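Chemist: Read off the chains here:
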Amino acid sequence: MHRTGELYEQYRTLEQQRETASLGMWIFLSTEVLFFAGLFMTYTLNRSTYPDIFSEASKTIKLSWGAINTVVLIGSSLTMAMAVWASQTGKKKALTWFLIATLVLGTVFLGIKSVEYHDKYVEHHIPGWNFQFEPGADAATNAHAQLFFSLYFGMTGLHALHMIIGAGLLLWLIRESLRGRFTPEYNTPVENIGLYWHFVDIVWIFLFPLLYLIDRH
Amino acid sequence: MSEQHSEQHHIASPTLYLTIFAALMICTFLTVVAAKIDLNQYFSGLNIIVALTIAVFKASLVVLFFMHAKYSPKRTQLVIIASVFWLAIMLFMTMSDYVSRSWT
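Just so you know, the protein sequences line up as chains A and B, in that order.
Taken in order, the first sequence gives residues 1 to 217; the numbers are from the working numbering.
Taken in order, the second sequence gives residues 1 to 104; the numbers are from the working numbering.
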C-alpha cells in the first residue's frame, strides 16, 4: 500500500489529515520523554547522593569528544530541518541530499561514540567483573563509580539505540525520496521522522552537560 | 485543495534554520566555557544551574523552530506542554520525597 497524499474519507482537509499525523507523533514523543525521564531521575538521585565520586568519574570521559558530538548532532538536526523544508517546497534532489547528509552526520556521531566506548573498555570503566575505577581504589569508590558508569552506558546506550533506529528510518526515507514519492502535498514521513530525529537531539542536549560537564573547573 | 493547504501550512525558511543553528552552536560553546569556570564558589550549585538553563534554552529552540512547535496548532502545543508537565511531576514528587526523608 503506497500513500501518496490523497485525502482519506475521515478527514475534511489535507491540512487536518497532516495535523492529525503530527499530533500522533507528538503523543509518541511524550511517551519517549517519560521513557528517558526514568533514567534522568535515577541519575539525579545518585548524583546528589555521591556528588564527589560522580564528579571524579565524569572527569575520566573526554570532554572534547562530547563537545564534537554535540556539534555533529545539532548539525544533523539542521540538515534534517532543511530536508523537511526541501520536501515542503518540492525540491526533490535537495531533499535526498539533505537526508544523506543527516545520515552521514548521525553515523559520525555513532562512530565517535564507539571510540569513546572503546576508551572506557581499555580503562576498565565498563561496569562488571573487570571494573576498576583507578588502581588501588577502595571498594566503596569502585561501587559508586560503577554506578556512574552504569548510568553513563545506560543513558548514552539508549540514546545511541534511538540514533540507530533513526538511521534505519533515514535509509528508508532516502530510498522513498529517490523514488520521488515526497511532494509538497505529501511529506508526512519526512516531517514525522524529522520530529523523531530532533527529539533524539534534545535528549543529547541534556546528556552532554549532565554526563560530561559535571565538574570541569 | 493544495492552494488552500499551502496557505494554511507554515513553511519556515532556511535562513531561520541557519540562525537557530548558529544560536545552538554559541550556546554549546558557552556551556563548555561555563563548566570550566568554578561558579560554585559564588553560589553552591551554580554550575549545574547554568548548565541546565543553557540546555533548557537549547531544547526550547529545537522544539520551537526545528520541530515547528511555534507554528503548530494549539492542540499539538498542548501535548508538548503536557509532556513537560508530567515530567515535572515525576521529578518534583520524587525529589521532594527523597529530600524530605531525613526530616524525621
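These are calculated hints, taken from the structure and not from any lab test.
Note that this is a predicted model, so its numbers are computed, not measured.
Some clues are possibly wrong.
Derived DSSO-like pairs (lysine-lysine); straight-line CA-CA distance at most 30 Å [unchecked claim]: (1) A:Lys120 - A:Lys62; (2) A:Lys93 - B:Lys36; (3) A:Lys113 - A:Lys62; (4) A:Lys120 - A:Lys59; (5) A:Lys120 - B:Lys70; (6) B:Lys74 - A:Lys120; (7) A:Lys62 - B:Lys36; (8) A:Lys91 - B:Lys36; (9) B:Lys36 - A:Lys59; (10) B:Lys74 - A:Lys113; (11) A:Lys92 - B:Lys36; (12) A:Lys59 - A:Lys93.
Chemist: Take the hints in turn and mark each one as holding or not.
Modeler: Checked hints:
1. A:Lys120 - A:Lys62: Satisfied, since the Cα-Cα distance of roughly 10 Å is no more than 30 Å.
2. A:Lys93 - B:Lys36: violated, 43 Å
3. A:Lys113 - A:Lys62: holds, 11 Å
4. A:Lys120 - A:Lys59: Given that 30 Å is the threshold and the Cα spacing comes to 12 Å, the pair holds.
5. A:Lys120 - B:Lys70: violated, 41 Å
6. B:Lys74 - A:Lys120: violated, 45 Å
7. A:Lys62 - B:Lys36: Cα-Cα ~14 Å, so holds.
8. A:Lys91 - B:Lys36: Distance ~44 Å between Lys91 of chain A and Lys36 of chain B Cα, so the pair is violated.
9. B:Lys36 - A:Lys59: Holds, because 12 Å separates the two Cα atoms, which is no more than 30 Å.
10. B:Lys74 - A:Lys113: violated, 38 Å
11. A:Lys92 - B:Lys36: The hint is violated at about 45 Å.
12. A:Lys59 - A:Lys93: Given that 30 Å is the threshold and the Cα spacing comes to 44 Å, the pair is violated.
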